[in-house]
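Trainee: Protein sequence lines, in the order shown, are assigned to chains A and B.
The first sequence begins at 3 in the numbering used here and counts up one residue at a time.
The second sequence begins at 21 in the numbering used here and counts up one residue at a time.
Because the hints were derived from the structure by calculation, they are not lab data.
You may find that some hints are simply not true.
Using 30 Å as the maximum straight-line C-alpha spacing, the simulated DSS-like pairs for lysine-lysine come out as follows [as the list claims (entries may be wrong)]:
#1 B/K211 x B/K47
#2 B/K211 x B/K162
#3 B/K513 x A/K97
#4 B/K110 x A/K103
#5 B/K494 x A/K103
#6 A/K97 x B/K117
#7 B/K131 x A/K168
#8 A/K103 x B/K438
#9 A/K124 x B/K502
#10 B/K117 x A/K124
#11 A/K103 x B/K115
#12 A/K84 x B/K504
#13 A/K103 x B/K513
#14 A/K168 x B/K115
#15 A/K103 x A/K133
#16 A/K97 x B/K131
#17 A/K97 x B/K504
#18 A/K168 x B/K438
#19 A/K103 x B/K479
#20 A/K168 x B/K163
#21 B/K504 x B/K494
#22 B/K479 x A/K84
#23 B/K211 x B/K165
#24 B/K505 x A/K103
#25 B/K455 x A/K168
#26 A/K97 x B/K494
#27 B/K163 x B/K211
Far from chain A, some chain B residues (derived; all Cβ distances over 10 Å) [unchecked claim]:
#28 V300
#29 N436
#30 K504
These numbers come from a predicted model, not from an experiment.
Idealized CB from N, CA, C, for every residue including glycine.
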Amino acid sequence: MIFQNSQINVAELPSIDEINFQRLDPAHVRVKYIASTIFFLIMLAAILYLRTEPLIVDHPRLGNGLLIFWVSWLVLSFALTKMGYNIEGYALREKDIVHIKGVINRRQTAIPFNRVQHCEIKAGPIQRFFKLKTLEVYTAGGQSSDLSIDGLKGDHAQVLKDFIIKTTGQIQHDEEE
Amino acid sequence: MTKKNDLDFLSEPRRQSSVAIFLILLKSFRVILGQAWPIFIALIFNPTKSKDTYFALAIIGITAASAIRSIILYFKFYYYVKNDELIIEKGIFQKTKLNVPFDRIQTINFKENILHQFFNVVSLEIDTAGSKGNEFSITALKKDKAIAIREFLLAQKKSTTPTPFSEEEMEEEIEIPEEELLHLSPMDLVKIGVSQNHLRTAAIVFAFMFTSMDYIESITGWKLENGIDNLLGSSSNTLLIGLITIVPIFVIIAFLISLVRTVFRYYDLRFIKTSMGFKVISGLFTRNEQSASMQKIQLIRWTTNPIKKVFSLFDISLRQAASTAIARKQSIYVPGCFEEQLSSVRAAYFPEESQLSFEEHVIHPLVIYRRVLYLGLLPAGIFLLNQYWSGATGNYFWSIIWVVIVLLLSWVYQRNFKYFVSDEGIRISTSIVGKTETLLKWFKIQGVEIQQGIYQRRKDLCNLVFHTAAGTVKIPYIELEKAKKMEDFVLYKIENSQEPWM
């Protein structure tokens, strides 16, 4: 076997530090707010129903506690959504895609194109209303390293996908159905 | 792709061996039994309950239905080869047609249990490592046919996989005869059995007993809890004495279980180096054969523990690309290897390892405080709060002992966590009681992640995670600057690599 080992100047390697991350579409925050609102309304209904239960009627502090819990979770959730939007971003480089997200635990994931198995574009009902798409990038062997970028403008997601597929140079499985 | 072969039978749709009917039926029985065993127990111990007779009737009905189902399934199952794809057609109501292009096939495994051996058939399992987990199997094939198919598929795969190597290099790949690296003798099996992690098995037995106690009680009407109370004495003063008597019992039970399990699973284990990679055959009743081509192996990991060290044994696992659900099945696991087999495996996976210089690094000591906080102080605090609320006079002693133990173990963890970086790969060594080492080549990585919690951001630290097709490898509490440099370098190595990584 021929063993090559040319020296690499590590300082000259392209650094992720110098990337400008693209931010998500502003409508993404609205999508998340609406989804959270629906979730919290259902939860509120459940809490209000629970408050009619004899056990909680007998212990009003418990009922109030539930409401306080609901309010604080709601405030926290909306705040985190807003803060998360300011942090989340993605960057497309010549040979890889980098994604950053997370308010409390921040994760920056980089996936080289020559390790991508396939891509998918998805959109939930609320996302469809705002014409937003989610791009999912899959690698082989399980979900651990898969990347999912929410809140992309419809045509933007398609452009990204086409670019990745073209660069990957792999046979693309058509989206299911 | 014209190949002269005696595999013409593959070109037209074929059924599997008729033994399959029987095997499918048996499998559905096993599934039903696995789901419904409490009912059977209930029937045995409580035959009067009329409700259960309906269940029994339902089970008989299901049994009959599954018998008919397995016969139809057999007649509706075809496999054949067309246009460089292996095609399987199956299904009664919902017809399924599976196309597997040859170059997507990751591994081909044979499985024979005692029944397979009796009928001289094997079950053929093919994994494609897609994210959707679309692995599939042919339940029963005559053994010679299965071997022919495997060889055919492997040969096709070789020719369809685009290789960046030049022609001469391809020709250089002469079939190397199979070389047996390891053959476990009964004595070795005893050693392996002895050196298993008995505390873990004891914990599993213990947990199983406790969770199933209610169940057994409700079905049989036995009062297990009373029995245990009588055995231990119900006052908390004797709890400690009870623990002292019961823990060794569990350890002995666990010891026997591990010994029996070891013999069942690893009886007559043969670890073979083939021309393509490695192969392991083992088992007393169910003979398992697993093979992995070197290209598919993503990382290798070897572990030892104090007892194993006495025998100078290692457990080696070769992790293959696979979807998570079957990842465990796909990693070749060889217990009871010696230094000799280990170095042979390392040389096969990472030939340059012995020639490269590796730089030694350690993780940041702050990891100790974090571990003590999350694993030590937090549980101890909850325990104390609970004590306070329940009105018990604070039993600080155990909390303090716990925190001290965690502190000690965390300190050992940080001291022993080392990673060795080279131009082509990384070796990570961790040890608290046992020792685990991982060897990973850069170009096998398919994603690099930097994780940072709030505390880590303040201290400019992070966790560096390498994702591979066979699982993740994590370095905790590494300096951010270092992690970023490594990320840039690893990405550079991956993006410039032309070698097929799986």
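Trainee: Of the hints given before, which are not true for this structure?
Mentor: The structure conflicts with hints 1, 2, 4, 6, 7, 9, 11, 14, 16, 18, 20, 23, 25, 27 and 30, although it agrees with all the remaining ones.
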